[in-house]
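Undergrad: One letter stands for each residue in the lines below.
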Amino acid sequence: EPEVTQTPSHQVTQMGQEVILRCVPISNHLYFYWYRQILGQKVEFLVSFYNNEISEKSEIFDDQFSVERPDGSNFTLKIRSTKLEDSAMYFCASTVATHEQYFGPGTRLTVT
Amino acid sequence: TQLLEQSPQFLSIQEGENLTVYCNSSSVFSSLQWYRQEPGEGPVLLVTVVTGGEVKKLKRLTFQFGDARKDSSLHITAAQPGDTGLYLCAGGDGGANNLFFGTGTRLTVIP
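Protein sequences, first through last, are from chains A and B. Going by the working numbering, the residue at position 99 of the first sequence is 99; the numbering climbs one at a time, nothing skipped. To convert, count from 1 in the second sequence and add 112; that's the working numbering.
The following block holds chain B by itself, in its conformation from the complex (with noise of 0.2 Å):
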């Protein structure tokens, strides 16, 4: 089973301030998903990476893949209340692409 550590647990910041969330595993990765998760809710899509050391924006969410296809990061500019959420990575393993789930990250956002 591979694992993925995500960093911090838990992150609470006020309005407008800029975070960046980390996934890193010792693991190589077919794929990295960024989720996000509402308590009793399934995970919702956010972006799909898939080639080394690509990046990907998606309005103020900026993706990374790591060069080596072990790591990613979230960085959110100027979050706002409503990204306040639990937030999931899940690599890939190629094949039919099992998805491993990371500890996630817990953010709220004050406003």
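Excised from the complex, chain A in its bound form (with noise of 0.2 Å):
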């Protein structure tokens, strides 16, 4: 069964330095999403992504963040300059037609 992949698990970062965090989407799907989960909290939504540009944000997906989709199957949300408070588990999500999100393992961000 086709599955949201995303690398790497776990990256560990110190405060200031640029990440990139790597999703590829299940194939034939259309819409693309970031979210982000804080140790003990609920899960919030990033941004979308849809036909090459950004779809919506949330007031969190601020100047420090943006998203490529580089080739036909990579998605990736880069965090220029990393706070403290950056440090979560970020969960990429794609869908055919925006009902039904699958969501990939997530990566685990912790900035030192």
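Hints in this document: simulated from the structure, not taken from any laboratory. None of the values given here were measured: they were computed from a predicted structure. Keep in mind that a hint or two might mislead.
[Said to hold, decoys possible] To give a feel for the contact side, a few chain A residues facing chain B, derived at Cβ under 10 Å:
(1) Pro8
(2) Val43
(3) Glu44
(4) Lys78
(5) Cys92
(6) His99
(7) Gly106
[What the hints assert, rightly or not] With a straight-line Cα cutoff of 27 Å, these simulated DSS-like cross-link-like pairs (lysine-lysine) come out:
(8) A:Lys78 with A:Lys42
(9) A:Lys42 with B:Lys182
(10) B:Lys182 with A:Lys57
(11) A:Lys42 with A:Lys83
(12) A:Lys57 with A:Lys83
(13) B:Lys182 with B:Lys169
(14) A:Lys42 with A:Lys57
(15) A:Lys83 with B:Lys171
(16) B:Lys182 with B:Lys168
(17) B:Lys182 with B:Lys171
(18) A:Lys42 with B:Lys169
[Said to hold, decoys possible] Far from chain B by the CB rule (all over 12 Å, computed), these chain A residues:
(19) Thr13
(20) Gln14
(21) Glu18
(22) Ile20
(23) Arg22
(24) Gln37
(25) Ser55
(26) Asp63
(27) Ile79
(28) Lys83
(29) Leu84
(30) Glu85
(31) Asp86
(32) Thr95
(33) Gln101
Glycine residues also receive a C-beta, built at the ideal position from the N, C-alpha and C atoms.
Combine the two chains into a complex, taking the hints into account.
TA: Here it is, written out as structure tokens:
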């Protein structure tokens, strides 16, 4: 069964460094999303992406964040200058037609 | 930001009992998804409901979307230890259907 994959599973970085989180959505899906989950808190929407552009973004998704679909398979989230409060699980999700979103296993980002 | 409140937050029951988990909001959603999440893993989709009043059954799990599309419930019949986990509801806001997640219900089924 097709699934969303994410790499790396765990990323440790120092404050101020840039990180890129990678996702491979399900191949025939058209809508792509990033969410994050701070430890012990609920899952929060960051950004949605369709037709090679951002559809919507939340207040969390400020100028330090960017997304890209560099080729036909990858979908990336970049954080330019990480902060301690960026430490969280980051989930990628994809869907064919917006209703049924399938999530990846997540990347645990630890900023020290 | 639409808020989804789930109740109860924690639930511990004996194997074989029935239970209901609630997901409530003051906002109207275009769809409502239920997910289950294991520690350190991504949410796994259980079901999507899109029509007010819709009821879907998945083996021992019954999901209902409220008539006004503001609330939902998950009913589990004859709970089993394998049902133990964190259950999340998530409402879609139309458009790109960005999901707003509930606070979660952590279920423990005791053998």
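Undergrad: Taking the hints in turn, state whether each one holds.
TA: The hints, checked one at a time:
1. Pro8: Violated. Min distance 14 Å.
2. Val43: 4 Å, holds
3. Glu44: 7 Å, holds
4. Lys78: 20 Å, violated
5. Cys92: 8 Å, holds
6. His99: Hint holds; His99 of chain A Cβ to chain B Cβ min 5 Å, cut 10 Å.
7. Gly106: 5 Å, holds
8. A:Lys78 with A:Lys42: The given pair, whose Cα atoms are some 22 Å apart, holds under the 27 Å limit.
9. A:Lys42 with B:Lys182: Given pair Lys42 of chain A, Lys182 of chain B holds - Cα atoms ~19 Å apart, limit 27 Å.
10. B:Lys182 with A:Lys57: 23 Å, holds
11. A:Lys42 with A:Lys83: 20 Å, holds
12. A:Lys57 with A:Lys83: Holds: Lys57 of chain A and Lys83 of chain A sit about 19 Å apart, inside 27 Å.
13. B:Lys182 with B:Lys169: Cα-Cα ~19 Å, so holds.
14. A:Lys42 with A:Lys57: 17 Å, holds
15. A:Lys83 with B:Lys171: With a Cα-Cα distance of about 44 Å, the restraint between Lys83 of chain A and Lys171 of chain B is violated, given a limit of 27 Å.
16. B:Lys182 with B:Lys168: With Cα atoms ~17 Å apart, Lys182 of chain B and Lys168 of chain B stay inside 27 Å; holds.
17. B:Lys182 with B:Lys171: 25 Å, holds
18. A:Lys42 with B:Lys169: 26 Å, holds
19. Thr13: 19 Å, holds
20. Gln14: Holds, since 23 Å exceeds 12 Å.
21. Glu18: At roughly 24 Å from the nearest Cβ of chain B, Glu18 of chain A sits farther out than 12 Å, so the non-interface label holds.
22. Ile20: 19 Å, holds
23. Arg22: Answer for Arg22 of chain A: holds, closest chain B Cβ roughly 15 Å.
24. Gln37: Violated, since 9 Å does not exceed 12 Å.
25. Ser55: Non-interface label fails for Ser55 of chain A: nearest chain B Cβ at 4 Å, not farther than 12 Å.
26. Asp63: Correct as stated: the minimum Cβ-Cβ distance to chain B is 20 Å, above 12 Å.
27. Ile79: 19 Å, holds
28. Lys83: 21 Å, holds
29. Leu84: 20 Å, holds
30. Glu85: Fine: 18 Å to the nearest Cβ keeps Glu85 of chain A off the interface.
31. Asp86: 18 Å, holds
32. Thr95: 7 Å, violated
33. Gln101: Non-interface label on Gln101 of chain A violated, nearest chain B Cβ at 6 Å vs cutoff 12 Å.
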